[in-house]
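Given the structure of chain S, go ahead and fit chain H onto it with the hints provided.
Protein chains: 2
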Amino acid sequence: MDRSGEILGCLRNESRYVSGASIATYLGVSRTAIWKHLKQLEQMGYMFEQRKSLGYRLLGTPDKLYPWEIDRYLDTKVLGRNLHYVDSVDSTNTSAIKLAMSGDEEGTCVVAESQGAGKGRLQRRWHSPYGKNLYLSIILRPVIHPSKIYPLTFIPSLAVYDTLAASGLEPRLKWPNDVLIKNRKICGSLIEVSTEMDRVRFVVVGIGLNVNMEEKEIDGEIRDKATSFFMETKKHFERTAVCGMLLNNLERYYEIFRGQGTEVICRLWEERAGINGAFMEIRQFDRVYRGIAEGIDSDGALLLRENDSLVRVIAGDVTV
Amino acid sequence: MDRSGEILGCLRNESRYVSGASIATYLGVSRTAIWKHLKQLEQMGYMFEQRKSLGYRLLGTPDKLYPWEIDRYLDTKVLGRNLHYVDSVDSTNTSAIKLAMSGDEEGTCVVAESQGAGKGRLQRRWHSPYGKNLYLSIILRPVIHPSKIYPLTFIPSLAVYDTLAASGLEPRLKWPNDVLIKNRKICGSLIEVSTEMDRVRFVVVGIGLNVNMEEKEIDGEIRDKATSFFMETKKHFERTAVCGMLLNNLERYYEIFRGQGTEVICRLWEERAGINGAFMEIRQFDRVYRGIAEGIDSDGALLLRENDSLVRVIAGDVTV
Chain S
550 MDRSGEILGC LRNESRYVSG ASIATYLGVS RTAIWKHLKQ LEQMGYMFEQ
600 RKSLGYRLLG TPDKLYPWEI DRYLDTKVLG RNLHYVDSVD STNTSAIKLA
650 MSGDEEGTCV VAESQGAGKG RLQRRWHSPY GKNLYLSIIL RPVIHPSKIY
700 PLTFIPSLAV YDTLAASGLE PRLKWPNDVL IKNRKICGSL IEVSTEMDRV
750 RFVVVGIGLN VNMEEKEIDG EIRDKATSFF METKKHFERT AVCGMLLNNL
800 ERYYEIFRGQ GTEVICRLWE ERAGINGAFM EIRQFDRVYR GIAEGIDSDG
850 ALLLRENDSL VRVIAGDVTV
Chain H
550 MDRSGEILGC LRNESRYVSG ASIATYLGVS RTAIWKHLKQ LEQMGYMFEQ
600 RKSLGYRLLG TPDKLYPWEI DRYLDTKVLG RNLHYVDSVD STNTSAIKLA
650 MSGDEEGTCV VAESQGAGKG RLQRRWHSPY GKNLYLSIIL RPVIHPSKIY
700 PLTFIPSLAV YDTLAASGLE PRLKWPNDVL IKNRKICGSL IEVSTEMDRV
750 RFVVVGIGLN VNMEEKEIDG EIRDKATSFF METKKHFERT AVCGMLLNNL
800 ERYYEIFRGQ GTEVICRLWE ERAGINGAFM EIRQFDRVYR GIAEGIDSDG
850 ALLLRENDSL VRVIAGDVTV
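If you're matching them up, the sequences are chains S and H in order. So that you can map any letter, position 264 of the first sequence is 813 in this note's numbering, and since no number is skipped, the others follow by simple counting. So that you can map any letter, position 273 of the second sequence is 822 in this note's numbering, and since no number is skipped, the others follow by simple counting.
The reader is advised that the hints may include incorrect statements.
All copies of an identical chain are treated as equivalent in the list; a pair is satisfied when it fits inside any one copy or across any two copies.
16 Å max Cα-Cα, derived EDC-like pairs, lysine to aspartate or glutamate [to be verified]: (1) K697 with D768; (2) K697 with D848; (3) K697 with D747; (4) K647 with D612.
No lab work stands behind these hints, which were simulated from the structure alone. The structure displayed is predicted, hence computed values, not measured ones.
Chain S with its partners taken away, still in its complex shape:
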C-alpha cells in the first residue's frame, strides 16, 4: 500500500489523537516525512485536527476514489490490487488498454472521477459527470480461445447485480449487458478485447456505475432513461465502498468463469435475468427479431422462438 494509506491507517485505527512521533516510529520514517505527508493529504481533501501535546486526529475524508480508500474494502486476490487513480481522463478503458499493451498484469485497474469521452457499447457515449459515479476499467488476461470469450459479457452485469442487491436496490438484467432499475439504466459496461486469432492477449472490462449522480446532472436526452443509487434511495453512498464491493463480486464471477467455465456463467446470468418465457424484441442493424425467449446458449447467444423457428441472436439492442 501507498505511504498515504499507511498514515491514514494509523489515524483511522484510533478514534483518539495519535502523535506524529508514534506514527513515524511505527512506519520507520522521520517525523518530518510524516508532517509532509499530512500536508499533502490535506491538499488532497483530508482534514486533520492537531493538538500540540496530543498529536493528530482524522476529522474528514474527501469523497474521492483514492486507491488506499478503495483498498480498505477489497477482499480480492488480484482485481484492484494495482489501482491507477486519475482525476479526469478521456476514457478509463483507453487508459487501461494502454497499460495492458505495455504489459500491466491481470487485475490492474483504472478509476477516474470523470471521463471526457466515456465510451459505451456500439460507439455510444457514456455520461460521466465529475466525482459522482464510478468509472472503472479492469485488465484481465484469461487463457481462453477468442471464440469462447463472449460470456465474459455477463460478468460485469452479474457483479453489478449483486452489488446493487446488497445495497437494497432491485436490479433487473437485460440481454446482453444492461442492468436496469425500474427500466432505467444504472450501469453500462464495455468490454474490449485484444486477440491474436488463436489467443486472447488481454481484455479490458469497463464499467460505468451511477452512484451519487442526481437527476439534474443528467443530460436532457437521457434523463428519463438513467438512474443512480442516490436517485433510487435518496441516500448518499460511499463510492469507495461500492467500488470495493464491485471488485470483490467481479473477482468471484471471474474465478467461476475461469474455473468452472463459460457455460456456468451463462446459466447464472440466465437465472438472474429470468428471461425464459418473456416476449422480447431485438433490433439489429438490418432486422428486428420478435419472439419468446428460450434462454441463452453456451456461447452467450439469445435463443428466441420466432413463430415456429428458434432463432439465435448474437448481439444488438434489446427491447423487452
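Just chain H, lined up with the frame of chain S:
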C-alpha cells in the same frame, strides 16, 4: 505521393539526362529545393550522375522498401496507399496497432527493413534479418461481427500463395496459416484483432515473407525449417515489387472477404490447400488429433475424420 517520389519519377521516366530546371518547373518548386532533395536522396542510397549542361541521370536505386518505390507496383484502391516506412522497429504489428488505436484508416501499412522483436503466432519469434525480407503490417477495419472473423486468417496465405506462384515458386498451404515451399516456411502471418464484444474495431495483418535471405543468415535452430525466394531460385528479387504484388493480392482477397463473404474465402483456401482426403496430425495444448481431413467449415475450423467421428479443430499446430 511524397516529393522524393515525384523527383525520382521525373528521372526514371527518362533514360537520358533531365535538367534540374525542368524538374523544378514541372513540380512547381525552386531549383534549390530540387538540389536539396537530390542530396537527401543520395544520402538514402540513390545514385545520380550530374553533367553541367545536361542535368541529372538516375544511376542506382538502393535496395530499400521506400514507400514511393513500393507505390510504383501498387494497383490497389486502399491497401498500402498510406505507407509508413521504418528502418528498424520492434515489431511492425505493434507499430500498426498504435497507429490503428490513434485512428489511422483502413489500408495503412507499416514496412520495416528489420524487426528487433518480430512476432509470430502463439508468442513465437519471427526471424527478421535486416534488408533482406519483407516485414509488413496492414490495418483493416472490416464491418463484421467478431465471431465471424476467423476466416480472415486465410487471406494472407492466399495472397502470399499467388505472389509466390507468380514468381515461379510452388507453394503449399498448411492449416491454419502457413505457406511452405518443399516443407519449409517461407512466410509467417500474425493477425491481431481489437474488438468490442459486438464489433471489430480494427485488425492488424502482419506478414513476414522471406525474400532475399540466404541460408547462412538463418538462426541455427530454424535453418532447416525456413526458406526464401532466393534460396529456392538462387535469384535476387526486388522486394518493393514483391511487396506491391503482395498488397495487390491482399486487397483482391480482402474485397472477396467483404463482398462475397467468409464462406467464399474458406472455399478458396480449401481448394488451394487441397487438404481434403489427406492424413493430418494436429497438436494442441492438451491433445493430438489424427485423421483424414474433410475440409474446413465456414468458420475456418478444420474438419477431421478421427476413427468414426468428425472432429472440429479450431486452432493449433498442424503436422501433415
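Now the hints, each set against the structure:
1. Taking identical chains as interchangeable, the C-alpha atoms of K697 and D768 are never at most 16 Å apart, the minima being 37 Å within one chain and 36 Å between chains.
2. In this assembly of identical chains, the alpha carbons of K697 and D848 lie at most 16 Å apart whether taken from the same copy (7 Å) or from different copies (13 Å).
3. Taking CA atoms no more than 16 Å apart as the test, K697 paired with D747 passes in both settings, with 11 Å inside one copy and 14 Å between copies.
4. Taking identical chains as interchangeable, the C-alpha atoms of K647 and D612 are never at most 16 Å apart, the minima being 27 Å within one chain and 36 Å between chains.
Violated hints, in rising order: 1 and 4; the structure is consistent with all others.
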